[in-house]
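With these hints in hand, go ahead and build the complete structure from the sequences.
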Amino acid sequence: MKNKLSNIELLLLDVDGVLTDGSITYSDSGEQIKSFNSKDGLGLRLLMDSGIKVGIITGRKSNALKHRCQNLDITLLFDGVGDKLKALDSITSQTGIALKKMAFAGDDLIDLPVMKKVGISFSVCDASSDVKNHSDIVTRQKGGHGAVREICETILKAKGLWDNILNKYLT
1 MKNKLSNIEL LLLDVDGVLT DGSITYSDSG EQIKSFNSKD GLGLRLLMDS GIKVGIITGR
61 KSNALKHRCQ NLDITLLFDG VGDKLKALDS ITSQTGIALK KMAFAGDDLI DLPVMKKVGI
121 SFSVCDASSD VKNHSDIVTR QKGGHGAVRE ICETILKAKG LWDNILNKYL T
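Take 1 as the starting number for the sequence shown in our numbering and just add one per residue.
Quick caveat, the hints were computed from the structure, so don't treat them as lab data.
Among the hints, erroneous ones may be present.
As the list claims (entries may be wrong) - Within a straight-line C-alpha distance of at most 27 Å, the following computed BS3-like cross-link-like pairs (lysine-lysine) qualify:
no.: 1; residue 1: 116; residue 2: 61
no.: 2; residue 1: 132; residue 2: 168
no.: 3; residue 1: 53; residue 2: 142
no.: 4; residue 1: 86; residue 2: 39
What the hints assert, rightly or not - Cβ-Cβ distance ranges computed for the label pairs, FRET-style:
no.: 5; residue 1: 138; residue 2: 28; range: 15 to 25 Å
no.: 6; residue 1: 4; residue 2: 129; range: 21 to 31 Å
no.: 7; residue 1: 50; residue 2: 94; range: 40 to 50 Å
no.: 8; residue 1: 4; residue 2: 140; range: 33 to 43 Å
no.: 9; residue 1: 109; residue 2: 140; range: 16 to 26 Å
no.: 10; residue 1: 165; residue 2: 3; range: 18 to 28 Å
no.: 11; residue 1: 167; residue 2: 66; range: 33 to 43 Å
no.: 12; residue 1: 6; residue 2: 92; range: 28 to 38 Å
no.: 13; residue 1: 80; residue 2: 48; range: 20 to 30 Å
no.: 14; residue 1: 138; residue 2: 89; range: 22 to 32 Å
no.: 15; residue 1: 80; residue 2: 109; range: 29 to 39 Å
no.: 16; residue 1: 28; residue 2: 167; range: 45 to 55 Å
no.: 17; residue 1: 30; residue 2: 3; range: 43 to 53 Å
Computed from a predicted structure; not experimentally measured.
Every residue, glycine too, gets a C-beta built ideally from N, C-alpha and C.
Next up, the structure:
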């Protein structure tokens, strides 16, 4: 597994239930409000600063997500997607990265087709049991509560990059 993880060049994420806890709050005006974990954000930033690309494939559109992606400099955003496999094909064409060098993190049935195609599949610990049963790695943390940070650290450690990152903060 470590060998597969060390080859990852692109991490793809679902949003609701992975980057968030799955709750969707609406304001009185009907605007969606999402909460994102700052630890997940730092993990994504560390991953991208280490040369690993990050992308989003999600079924929902939301301005909150667009703002979060802008904040983190994530430009590979596929939102409002009905067929995640088609989005995956577009990502493969755009990036030139082979499927075996991609990882995807999901939490529900709609994520399974992509999870089966990529090199490494992650699910959050509070994912659907069927999704957990079909994933390579299940996080200890829940979606929206540090699961993405855990995924980022797992990839960085497998690539042998974590100690250098940690040392930057210790010196």
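Each hint, compared with the structure:
1. 116 with 61: Distance of about 24 Å is within 27 Å: holds.
2. 132 with 168: 34 Å, violated
3. 53 with 142: 23 Å, holds
4. 86 with 39: Violated: residue 86 and residue 39 sit about 30 Å apart, past 27 Å.
5. 138 with 28: 15 to 25 Å: 38 Å Cβ-Cβ, so the 15 to 25 Å window is violated.
6. 4 with 129: 21 to 31 Å: About 23 Å separates the Cβ atoms of residue 4 and residue 129, which means 21 to 31 Å holds.
7. 50 with 94: 40 to 50 Å: Given a distance of about 21 Å, which is not inside 40 to 50 Å, the answer is violated.
8. 4 with 140: 33 to 43 Å: With Cβ atoms ~19 Å apart, the hint is violated.
9. 109 with 140: 16 to 26 Å: 22 Å, holds
10. 165 with 3: 18 to 28 Å: About 21 Å separates the Cβ atoms of residue 165 and residue 3, which means 18 to 28 Å holds.
11. 167 with 66: 33 to 43 Å: For residue 66 against residue 167, whose Cβ atoms are near 34 Å apart, the range 33 to 43 Å holds.
12. 6 with 92: 28 to 38 Å: Given a distance of about 20 Å, which is not inside 28 to 38 Å, the answer is violated.
13. 80 with 48: 20 to 30 Å: 23 Å, holds
14. 138 with 89: 22 to 32 Å: Given about 26 Å between the Cβ atoms, the range holds.
15. 80 with 109: 29 to 39 Å: 18 Å, violated
16. 28 with 167: 45 to 55 Å: Given range 45 to 55 Å: holds, Cβ gap about 48 Å.
17. 30 with 3: 43 to 53 Å: 48 Å, holds
Hint compliance for this structure: hints 2, 4, 5, 7, 8, 12 and 15 are not met, and every other hint is.
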